[in-house]
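Peer 1: Produce the entire structure from the sequences given, and follow the hints as far as they go.
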Amino acid sequence: MTATTAPEAALGVLPRSDGSAKYSHAGYTVTASVNGPIEAQRRDEHAYEAHVDVIVRPAAGVGGTRERHLEALLQASLSQLILVKNFPRSLIQIVLQVEDSPENDYVNTKLVQASLNFAIMPALMQTAVLALLSAGVPMRATATATAVAVVHQDGAKRTIVEPSPREIETAESVHALAFTSHGGLLLAESEGDFTVKEWDDLYETAKGICCRSAPAKEGMAMVLDDEESAGTDMRQFLRSTMESKVAADLHWK
Amino acid sequence: MATERPLVLPGETIDPSLIPSHPKNPLRLGPGLRHIPPTDIVPTVAGQLITNPAKNSMWIEYNSNRYIPSPNDVLLAQILRSTTDFYLCTISPHTAPATLPHLAFESATKKTRPVLLPGQLVYARVTLANKHMDPELECVSATTGKAEGLGPITGPGCVFDVSLGFARRLLMARSREDGGVGVLEMLGGEEGGGLAFETAVGRNGKVWVGSESARTVVLVGRALQETDRGGLGVEGQRRLVKRLVREMR
Amino acid sequence: MPREAEPSLNERQFVAQAIQENLRLDGRELDQYRPLELTFGDQYGVADVTLGKTRVLAKATAEVTVPYADRPLDGIFTIATELSPMTSPAFEVNRPTETEVLLSRLLEKTVRRSGALDTESLCLVAGQKCWSVRVDVHVLSHDGNLIDAACAAVVAALRHFRKPDTSMEGGLLTVYTPAEREPVPLSWLHSPFCVTWSFFGEEGEMAVLDATWIEEQVRVGSCTVSLNKHGEICQIAKLGGTPVEAVALLQCTSVALAKVKEFSDLLDTRLAEDLKRRDKGGFMAELRAENDR
Chain A
1 MTATTAPEAA LGVLPRSDGS AKYSHAGYTV TASVNGPIEA QRRDEHAYEA
51 HVDVIVRPAA GVGGTRERHL EALLQASLSQ LILVKNFPRS LIQIVLQVED
101 SPENDYVNTK LVQASLNFAI MPALMQTAVL ALLSAGVPMR ATATATAVAV
151 VHQDGAKRTI VEPSPREIET AESVHALAFT SHGGLLLAES EGDFTVKEWD
201 DLYETAKGIC CRSAPAKEGM AMVLDDEESA GTDMRQFLRS TMESKVAADL
251 HWK
Chain B
1 MATERPLVLP GETIDPSLIP SHPKNPLRLG PGLRHIPPTD IVPTVAGQLI
51 TNPAKNSMWI EYNSNRYIPS PNDVLLAQIL RSTTDFYLCT ISPHTAPATL
101 PHLAFESATK KTRPVLLPGQ LVYARVTLAN KHMDPELECV SATTGKAEGL
151 GPITGPGCVF DVSLGFARRL LMARSREDGG VGVLEMLGGE EGGGLAFETA
201 VGRNGKVWVG SESARTVVLV GRALQETDRG GLGVEGQRRL VKRLVREMR
Chain C
1 MPREAEPSLN ERQFVAQAIQ ENLRLDGREL DQYRPLELTF GDQYGVADVT
51 LGKTRVLAKA TAEVTVPYAD RPLDGIFTIA TELSPMTSPA FEVNRPTETE
101 VLLSRLLEKT VRRSGALDTE SLCLVAGQKC WSVRVDVHVL SHDGNLIDAA
151 CAAVVAALRH FRKPDTSMEG GLLTVYTPAE REPVPLSWLH SPFCVTWSFF
201 GEEGEMAVLD ATWIEEQVRV GSCTVSLNKH GEICQIAKLG GTPVEAVALL
251 QCTSVALAKV KEFSDLLDTR LAEDLKRRDK GGFMAELRAE NDR
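Residue numbers (my numbering), protein chains in the order written: chain A, 1 to 253; chain B, 1 to 249; chain C, 1 to 293.
Don't read these hints as lab results, they were simulated from the structure.
Take the hints with a grain of salt, since some may be wrong.
[Unchecked claim] The list that follows gives simulated cross-link-like pairs (lysine-lysine, DSS-like), each with its CA atoms no further than 30 Å apart: (1) B:146 to B:131; (2) C:53 to A:253; (3) B:146 to A:85; (4) B:146 to B:111.
[As the list claims (entries may be wrong)] Now the in silico label distances, taken between C-beta atoms and shown as ranges: (5) B:215 to A:46: 54 to 60 Å; (6) B:52 to A:251: 17 to 23 Å; (7) A:240 to B:143: 44 to 50 Å; (8) C:183 to B:234: 50 to 56 Å.
Don't be surprised by glycine CBs; every beta carbon is placed ideally from N, CA and C.
Peer 2: Pasting the structure below:
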C-alpha cells in the first residue's frame with residue numbers, strides 16, 4: 001500500500017523513441033514513448049491536422065474496453081494541447097505502458113482481463129505530457145492532473161486526493177480532473193454517485209493541486225489553506241522536472 | 001545568466017521586458033515560438049528563451065530527436081527508390097519521403113544523370129519544406145551550379161545517430177567556441193594522434209564518418225555519440241578522446 | 001503505414017566489413033555482451049532487463065481458474081509477447097509481425113517446454129481448480145537481441161514472483177489475500193537463458209554475440225541456443241540463413257554456457273539483494289521462522 005508519495009519522473013528513458021518519460025506517483029508507474037510527427041496511415045490521415053494516436057497498455061493481461069475508453073479520453077484531451085495544425089497529414093503516436101499500479105492487499109485480483117480505473121488517469125496524463133515535452137512536440141499549453149475520491153466516513157463526506165485502491169473500493173465517487181497551464185479545465189471524468197455541491201468542492205480541491213501557482217489563486221486562497229498538505233504542487237513538479245532536463249540538454253550554452 | 005535565459009514551458013506568458021524592441025528592425029521569431037495576433041508571443045516547447053537584441057530576434061533553445069525539415073538545412077538522406085524524374089529519399093525514420101530531382105546534381109543533364117541505388121546515402125540541402133507538402137532536396141547549388149560538397153556519399157564510412165541539438169552544434173562555424181564541441185578537432189589533432197577522417201554532418205541528427213581505417217571510423221563515431229549522450233564539456237571531451245584512443249590501440 | 005527504417009547501403013557495407021576486422025560499432029569484442037542490467041519492481045513478479053539500448057519489462061501474474069480438460073493435473077502457464085508501437089512505430093497493435101511470432105515461439109520453447117516451471121504444482125483440485133500463471137512481456141525499446149533480453153526478463157520475473165498462498169481443508173479451497181498470508185514463490189526447477197549468435201561473412205564464419213539492431217539487419221544468419229547453468233540444452237534454433245559449420249556451432253554452445261553461468265549468477269545476486277531490500281529490519285525473517293514451526 002502506498003501512502004501519498006512525492007511524484008517522481010525521468011525523461012528520455014527510452015533512447016530509441018523521439019521522446020519518453022517514466023513517471024511514478026501514488027503507487028502508479030507509467031512509461032510513455034512519443035514518436036512524431038511521423039507518416040500517418042491512410043485511414044488516420046487528416047488533411048489539415050495531425051492525428052494523435054494514444055495507446056494504453058496494461059501491465060498484465062490484454063487491454064479491453066476500459067483501456068480503449070481511457071485512450072479515447074486521453075486522445076481528445078491531448079489533441080487539444082498539441083498544436084495539431086502544425087503537422088497536417090501526420091501522426092503523433094503516444095504509447096503509455098503501465099508498469100505498476102497499487103495493489104489492494106485485501107483482494108485477490110483477476111488479471112487476465114485487465115481493468116484500469118479512473119484513478120490511473122492522472123498518472124497517464126502526466127506521463128503523456130512529460131513525454132511530449134521531452135520529444136519537443138509543439139504544444140499550446142502543458143497540463144496537470146489529479147484524482148479525487150469522495151468517501152463516506154463516520155457519517156460525513158470527505159474528499160481524498162490520489163485515493164488508494166482500497167479507498168476507491170469504498171468511495172462513493174471517483175473523479176479524474178486535468179487542467180491546462182492556463183487554468184482551464186481539460187478533462188473531468190467521474191464515476192459513482194455525487195451531488196453538484198460535492199463536485200464543486202472537489203473541483204476546487206483538484207484545481208488547488210494542479211494550478212497552485214496560477215494567477216487566479218487569490219480567489220480560492222481559503223480553499224487552498226486547508227488543502228495545503230493534501231497534495232503535491234503538480235505544476236511546480238512539472239516545471240522542476242523540465243528545468244533539469246533543459247539544463248542537461250543545454251549545458252554547453 | 002539564469003535571468004537572461006529563463007526556462008519557458010509551452011503556453012507560458014513571456015515577460016514583456018524580455019521581448020527585444022528595436023525601433024526599426026521587425027521582430028524575428030525563431031523556433032519554438034508562435035505569434036497569436038495581435039500581440040501575444042507564446043512558447044510551444046520547453047526550453048531556454050534566448051533573445052538577441054542586436055538582431056531583434058528571439059527563439060527557444062531546446063534539444064530533440066525528431067527532425068522537422070526547414071529550407072537550407074543540409075542533411076544526410078537515404079535513397080528509397082527512383083521514379084522517372086526524381087529519387088525518393090528518407091530523411092528521418094517513419095516519415096514521408098522527400099524528393100530529390102534527378103537533375104539536382106552537379107552537371108546533370110537528361111542524358112547524364114547519376115545512378116543511385118536504393119539505400120545509398122546522399123548529402124543534400126533542403127530547398128522546399130512546407131507542412132502541407134513533402135520536402136524537396138538538391139545536391140547542387142542553384143546559384144553556382146556546383147556541388148559544393150553535396151552529392152552521393154561514397155567511400156568506406158558509417159553513419160552515427162546523434163541528437164538534433166548536437167548536430168547543430170557540430171555545424172556551427174565556430175563549434176568549439178559557440179557550441180562547446182571540440183571533439184572532432186581533438187581527434188584530428190594531438191589528443192587523437194592526428195587521425196585522418198572526414199565527416200558530413202546532417203541537421204537530421206546523422207553524422208557520416210569516413211576513413212580508410214575502419215578503426216578510426218568506429219573511434220570517431222563512438223567519441224561523437226558519447227559526447228552527445230554524456231553531455232560532455234570540452235574538458236570531458238578531451239579525456240574521452242584520450243581514453244578512446246588508448247582503448248582502440 | 002510507416003515502414004521500419006532500414007540501414008543505408010553505406011552502413012551495411014561498413015558494418016559487415018568492420019566485423020571482418022573484429023571491430024564493432026560500439027567498440028565491443030565479438031563475443032561480448034552489452035552491460036546487462038536487471039531490476040525488480042515494487043511488486044512481486046516485475047522484472048526490467050536492460051541490454052544496452054534494448055529494454056524489456058516482464059510481469060508475472062497468477063489467478064485461479066479451471067484446468068484444461070485434457071490436462072486435469074496441470075496448471076496453466078502462458079507467456080504473452082506483444083510488440084507495441086513503443087518498440088517501433090512500424091509495429092501495429094493487434095497485427096503480429098514475424099519478429100513477434102519468432103520471439104514468442106522461442107520463449108515458449110525455452111521456458112515453457114523445457115519444464116522450467118513445474119506446472120503440476122499449479123494444480124489445486126484435479127480437474128477443477130488450478131493456477132493460471134501468465135507472463136506479459138513488454139518490449140520498451142528495441143536495439144537488437146530481443147530474444148536474450150526477453151528470456152532473461154521472463155525468467156527473472158517468474159523467479160521473483162509470489163503467488164497467493166492457498167490451503168485445502170475438507171475439500172474447501174481457500175486462497176489467502178496478501179494481507180492474510182505472505183504469498184509463496186513458484187515451484188521453479190531450473191533457469192534457462194537464451195544466447196543468440198549472429199553470423200557474418202560469406203560463409204557465416206564470423207560469429208557475434210548480442211547483435212545490435214543494425215547488426216541484426218546485416219547478419220547472414222543467426223542461431224539461438226537455450227540452456228541452463230548446468231549445461232542442459234533446452235533448444236537450438238537456427239532459422240534459415242547461411243549454413244554454418246557444425247564445429248563452429250559446437251564452439252558457440254560452449255561459449256554460450258559460460259555466458260549463461262554469468263546470467264544465472266547475476267540473477268541470483270539480484271534476487272538476493274531484492275529479498276534483503278524487502279526484508280527491512282528482519283521482520284519478514286521473523287514471520288517466516290514462525291511459519292516454519
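Peer 1: It remains to establish, for every hint, whether it holds in the given structure.
Peer 2: Hints, one by one, checked against the model:
{"no.": "1", "hint": "B:146 to B:131", "in the structure": "holds, 29 Å"}
{"no.": "2", "hint": "C:53 to A:253", "in the structure": "holds, 28 Å"}
{"no.": "3", "hint": "B:146 to A:85", "in the structure": "violated, 37 Å"}
{"no.": "4", "hint": "B:146 to B:111", "in the structure": "holds, 18 Å"}
{"no.": "5", "hint": "B:215 to A:46: 54 to 60 Å", "in the structure": "violated, 49 Å"}
{"no.": "6", "hint": "B:52 to A:251: 17 to 23 Å", "in the structure": "holds, 21 Å"}
{"no.": "7", "hint": "A:240 to B:143: 44 to 50 Å", "in the structure": "holds, 49 Å"}
{"no.": "8", "hint": "C:183 to B:234: 50 to 56 Å", "in the structure": "holds, 54 Å"}
Checked against the numbered hints above, the structure breaks hints 3 and 5 and satisfies the rest.
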